[in-house]
Amino acid sequence: MSREHRSMAWTPLLFSGGLAFMLFSLFMAVPFGEPLMRVGGMIQQTDGELGAANLVTAVVLGYRALDTLGELAILFAASTSVGLILTGVKQRTVSVECEELGELFEQASTLLLPLLIMVGFYIITHGHLTPGGGFQGGVIIAVALFLPTLAGRGAALLNHRLIQQVEGGAGALFILLGVAALLQGESFLQPWLPVGEIGALFSAGTLPLLYLAVGIKVGAELAALLTHLSTNVPSPEVPR
Amino acid sequence: MSTEWLPLVVALPLLVAFLLQPLAHWLGVRAERPSPVLYGLSLMTIAATLWITLQLGSDVIAQPLSVTMGGFNTPVGINLYLDGLAYLLLLATQLALLLLWPAGAAVRTHVLLLVLAASSMGLALSGDLFNLYVFYELLAVATFGLIAASPGRAAPLVSFRYLLLSGMGSVLALSGIALIYSHSGSLNLADLSMLAASGEGSLPIAAFLLILVGFGVKAELFAVNSWVPEVYSVTSSRFAALLAGVVSKLAVVMIVRILLLLFPQPEATDPLLLLGILGLVSGELAAWRSNDFRRMLAYSSIGQLGMIFIAFSLSLELGLFAGLALSFHHMVVKPGLFLLLQQPLSRWRVVLLILFALSLVGVPPLPGFWAKLALLTGLVEVGGWLNGVAAVTFLVATVVEAGYLFRIVQRYYQEERPIAGSTSSTVAAVESPWGWEGGVALMLGGVLLAVTLTINPVTEQLQQIALQSGDRERLISTITVSEVE
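Residue numbers (the working numbering), protein chains in the order written: chain Z, 64 to 303; chain L, -11 to 473.
There's no promise every hint is true.
[Said to hold, decoys possible] Reference excerpt, derived from the structure (chain Z facing chain L, CB under 7 Å, subset only):
#, residue
1, Y126
2, Q227
3, S293
[Claimed, not checked] Covered by chain L, according to a simulated footprint, are these stretches of chain Z (three or more residues, beta-carbon under 8 Å):
#, stretch
4, 81 to 95
5, 260 to 268
6, 281 to 288
What the hints contain is simulated information worked out from the structure, not anything from laboratory work.
Ideal Cβ placement from N, Cα and C applies to all residues, glycine included.
From just these sequences and the hints, can you work out the full model?
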């Protein structure tokens, strides 16, 4: 390694260190938590108008639903990009060179699958009541669906076509729930359906439905992405 | 049509994007194959958003409108804000997409372009700082995929480097937004502009600089624009035209909105002026040194955007008008140039090329001259030594610009020296068919000539739009009135 190279090696570290220091000193200058912020105070005064016991859900799916739609689309764009890039790559199924994982592991993965899916759906459907929700529950579902591949039993469980349809349908559900409010003469993405009693499972109007759409979409998308990545490995000797 | 339908211009392309792949399965089209049906569906979606925009925006120049999302009043909820500037940007985005949509692309490319369309329109419309960031991120992610899937062999690497730079920019911009939020407790632009009038201290300026550098990545701001020549030279000329023409302007307008509404003080405009000058100098000199036609245009685009930043840093009616005029002029000329070099240059194409080049350099009576004149008079009127430096740099840069643009034309007449980067190595003797790209370039040339003939009414309209978008009281009152109803 030449001298210039060695001195260059420090530059990224210096840069990131400086950046971290700058951001740190900037954020030390702002108060945290106290006093209550302008919008935060306003939301506290709304007094559960959306019927969601979990205030975070009211913000994510109610007051800032358009942002959530954007976030969903970002994940979707990322997974579509991966698909687009990998189609140009020569397809090759990897045979994982590893020892038998053992009886215990395989059985455990079979047992865990329904359990994880149940936990995932529990977290999604209780998103308006307790911490959690569509994004978190969706990731758990994705892990559940990816488990068979991890355990070395192939992706037999995953029907690509089905999963893509489920994913597209869930995304469409989110937007159509918003458009349905429009058709009733309200604003786009305005929560509708009766609010019900705060704390009950069937409450908070359309918010749980929106979270269900988010959860299914995230779960299906991540599962498809992980399987895609684990089965389509670019062969190093073939240039693009 | 009720104004409540405005968010559909964002939601509709997203809906179709979500459903396009299941639909392809249903039709029996593989995701990596082209499909005329899905191509038509995508175009119809964009046409539908164009229709909605035309329905709602016909008199926004007289009366801008604000639409709240989900029925929640600002600043708790998000609002979309449609004024003359947003209306023009929407129309430009939709028309550019309709004209530049790749016909034989794979299904997934259509999906990503639809996402790109939705996020561009969201960027033009959003009246909320964090919502702007979300759409900016969405635009970025869709762009990474589209660049990486370009046919060039270097495309994945170029896309990855762009991703790193853009990612760093996003971190900075998000930090800036977080600083503003924790300082003021609000994210709504109108609300923030009311708070900004009373705001003091250096923290907001630091936040603005973070946002400027962060969002500057897409706006080809100096020092964070190293991706520009690489990306424009690997992507297809249609996509390069789209990126250079529309996407960069969206990022510029986003920065300008934040600047006008939140930070009208000199501490914020001076860095913008300085970075603009540096961008102008570096871009034009690099273009002059460059031998590859495409890279030359990419560098020239950096220079032009530097010029636009200089104009916006003047931050008064004249500067705003000059900036908008330069932006829209660049929006017509640069895609035209990118499309022209897709094809072998023949006599009539060179005539068109000369027309674009003359306007870009600023020869009267073409529109480019009036835009540049507005900038120059603005700089002189405001005065100050930094503006003087900007004016001198600007004049020198124009000479350099003329130098390299006419080198291209000169090459055509010398004939024995081929133009690097152009599709054919020799100049076609016979007029080859113009094709779609050539047709669009011809149309853009027609637009340029039409504007030349109607320069007075166009200037008046643009001046009104500039006045309107610089009017903070108007914005605040529009958004508050829409809530009382």
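Against the structure, test the hints numbered earlier, and report the numbers of the ones violated in rising order.
3, 5 and 6
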